[in-house]
Amino acid sequence: MADTMQFDLVSPERRLASVQAREVRIPGADGDLTAMPGHAPLITTLRPGILRIVKADGASDDYAVTGGFAEISAAGTTLLAEEALHVSEVTPAIVKGFVARAEESLRAAKEAGHQDLVDDAAKLLADMVAMGDHIGIS
Amino acid sequence: MPSLKDLKNRIASVKSTRKITKAMQMVAAAKLRRAQEAAEAARPYAERMNAVMAGLAASVGGSDSAPRLLAGTGADQTHLLVVMTAERGLCGGFNSTIVRLARARAAELLRQGKTVKILTVGKKGREQLKRDFAKHFVGHVDLSEVKKMGYDVAQGIARDLIRRFDAGEFDVATIFFNRFQSVISQVPTASQIIPAKFEGGADGASALYDYEPSEEGILADLLPRGVATQVFTALLENGASEQGARMSAMDNATRNAGDMIDRLTIVYNRSRQAAITKELIEIISGAEAL
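Quick note, the sequences are listed as chains A and B, same order. Note that this note's numbering gives residue 112 to position 112 of the first sequence, counting from 1, and the numbers run on in steps of one. Note that this note's numbering gives residue 1165 to position 165 of the second sequence, counting from 1, and the numbers run on in steps of one.
Some clues are possibly wrong.
As the list claims (entries may be wrong) - Simulated DEER-style distance windows between Cβ atoms:
(1) A:6 x B:1022: 42 to 50 Å
(2) A:130 x B:1022: 51 to 59 Å
(3) B:1029 x A:133: 44 to 52 Å
(4) A:40 x B:1156: 30 to 38 Å
(5) B:1022 x A:32: 52 to 60 Å
(6) A:56 x B:1043: 21 to 29 Å
(7) A:107 x B:1179: 36 to 44 Å
(8) A:107 x B:1160: 14 to 22 Å
As the list claims (entries may be wrong) - Heads up, simulated DSBU-like pairs for lysine-lysine below, C-alpha to C-alpha not over 30 Å straight-line:
(9) A:96 x B:1148
(10) B:1147 x A:96
(11) B:1147 x B:1117
(12) B:1123 x B:1148
(13) B:1114 x B:1130
Keep in mind that the hints were calculated from the coordinates and are not lab data. Every residue gets a Cβ at the ideal spot worked out from N, C-alpha and C, and that includes glycine.
Excised from the complex, chain B in its bound form (with noise of 0.2 Å):
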């Protein structure tokens, strides 16, 4: 039975921890309406940049003379998983359900006989990986020190990602990130970057476009920007994903904190009320003893 002293204490404790943890809710909810925004903002560039390359993939992407960032090299031996995480913890099971679905899929290409190679972008997923596939590591991106997601970030993890395509280190390149549905919800999701693809074939208004220069001038020139605004939206969806799970753990954190708090308190007032009723049963039977 722990004395009055260690109940106290021990509830002063859990009510400061109760304070952190609604605090770093209060602040992952302005951050995530932030992150939110970014997203929403970023929206029609991507969509609009997918429709053209759909569009453009669709007329040029069967002849042979198809860049390679579209067609791929033609092997599919060397797989580059690029795993985006968070650069921090206390955000429920957001860093870990990545992890988990990368890892699943670098298990089944080596079971293939596959080469894996992974990136990763954020500290957390690199720690967790660690353990099992340190020797696959190529790279790490560390965004502990970008305060605002800009587009320049996606556009030297793009190039970098294009410098590696172009020096023959992979055949393949997938993304992992989580893709924001809710506050309560992110769904984990692998992507597959490198040959380009696109969602929604193209419709059929697109092959009456002029292309200036030529249709393949574009797409050269437009390929290694799609590459990054696929990076771009991934950040920035696995930025609103982190702010939301770091609100919802905290939420569920301040609400074990107060629960927590009730039991001890209860224990609290028991024990003291035990202490005085001992303390009067003493009193009196002394008394009557006399």
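Just chain A, same shape as in the assembly (with noise of 0.2 Å):
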């Protein structure tokens, strides 16, 4: 089995990142899950959170992700994002425009008062704000 993999990231603007990776970890919409060589085949939705890529090189790269879906297979691992900051580019204002944006939107969902659209963006709020706190802490 070879230990490491190609990976993309990539966004409708752009193509982030293209590399050979070892693992890959990635803010599934049921939770968390790390893909490494070998992995099955998978589609999967994403949450809002943060992916993170252990290079060839055992080096270690951070993005926050706020939606998306990421696609495994034997090829190797393409990320769709909608969209996709390196850490160290998201700044404070940029995390609180995300915070904004969920708020907005649930705030629309309890005025059409659909609950599971009001549900989704509870979820989507407070999985933006965890997200603020892990690169605050970071």
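Both chains come to you apart, so use the hints to assemble them.
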């Protein structure tokens, strides 16, 4: 088994990373998961969180993603993120923007009075806040 | 016969026009490069998205539980035409070709007794369609304030489309835009975005994926994104096409201005020569008469 795999991180506007990775920790919608070479083929949606790439030389790179989906296949892992930023680029103002947007959608969902939407939006908000905390700490 | 003064003014004015068109051409060339880069950078995402969606659509599409965005409403009565044009003119046939395609489609649908609704993106298309189809307009997206074509713009348009679809305002949505081929060739294209259609079927391997949460869950999450991605691709292609079209139009204009200056200069020189000759004849015959 190869000990590295091809990993691509792409956003709608550009390709952010294309590296050989030992493992990739992905914030999946149903919980974090770590993809390593030889992982079973999987497609999962993402929740807002931190994506960690461990490169071939053992160094790791963190990205903040706000949503999207990941495709793990034999050929490698591709992560299609709606928005992705390297952790070093994330500023408190950006996180605040994300949180504000999540709050906005929560309010909109409450007005619409659709319980599922409210739950989704509330979770989104919590995830955003958690992501902000995580970056604040690290 | 225009006087020498007239000719001189005319030449000066064509010269300054040439300067303007030349400048516009260079600006368009710079913008074109940027637009092409943006379109290039967006391609990997769109391709992956398309591949994954095609796989999902193939495995879920047949079932009754398929989301409406994929399966459609079951009707084919109301068509929404999303016509994407530029905010500005002076780009050759760029806007007209899109409008012509959209107009032909609208006329055909109307002949078939369908209801046609038109959503315009970009000012020029709205102006050109207003005469014939003003009563079919349902909305307009103004891009004149948009400095850089970002994904959020596409998302906004996609969200609006999906909201209208959920409200039952239309059954089928088609976007019209120019696909960028080269600087001199842009192909007006119509592509259906709702119900979602994917080019190229699923490759056999995609059936082997595990899905988390469920196939339906992922599909429901991805479809709106797929629509946004398609809109985004169209916007970027359109942006590159617009600059390409403007560049070649301005190149032509610059060359024509050059030709015109040459012709005017010849006329100017000839009439000046004629005037001099005439004066000489007058002087000489005056002297001989003495």
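Hint check results:
no.	hint	in the structure
1	A:6 x B:1022: 42 to 50 Å	holds (47 Å)
2	A:130 x B:1022: 51 to 59 Å	holds (56 Å)
3	B:1029 x A:133: 44 to 52 Å	holds (47 Å)
4	A:40 x B:1156: 30 to 38 Å	holds (37 Å)
5	B:1022 x A:32: 52 to 60 Å	holds (57 Å)
6	A:56 x B:1043: 21 to 29 Å	holds (26 Å)
7	A:107 x B:1179: 36 to 44 Å	holds (40 Å)
8	A:107 x B:1160: 14 to 22 Å	holds (19 Å)
9	A:96 x B:1148	holds (23 Å)
10	B:1147 x A:96	holds (24 Å)
11	B:1147 x B:1117	holds (28 Å)
12	B:1123 x B:1148	holds (17 Å)
13	B:1114 x B:1130	holds (19 Å)
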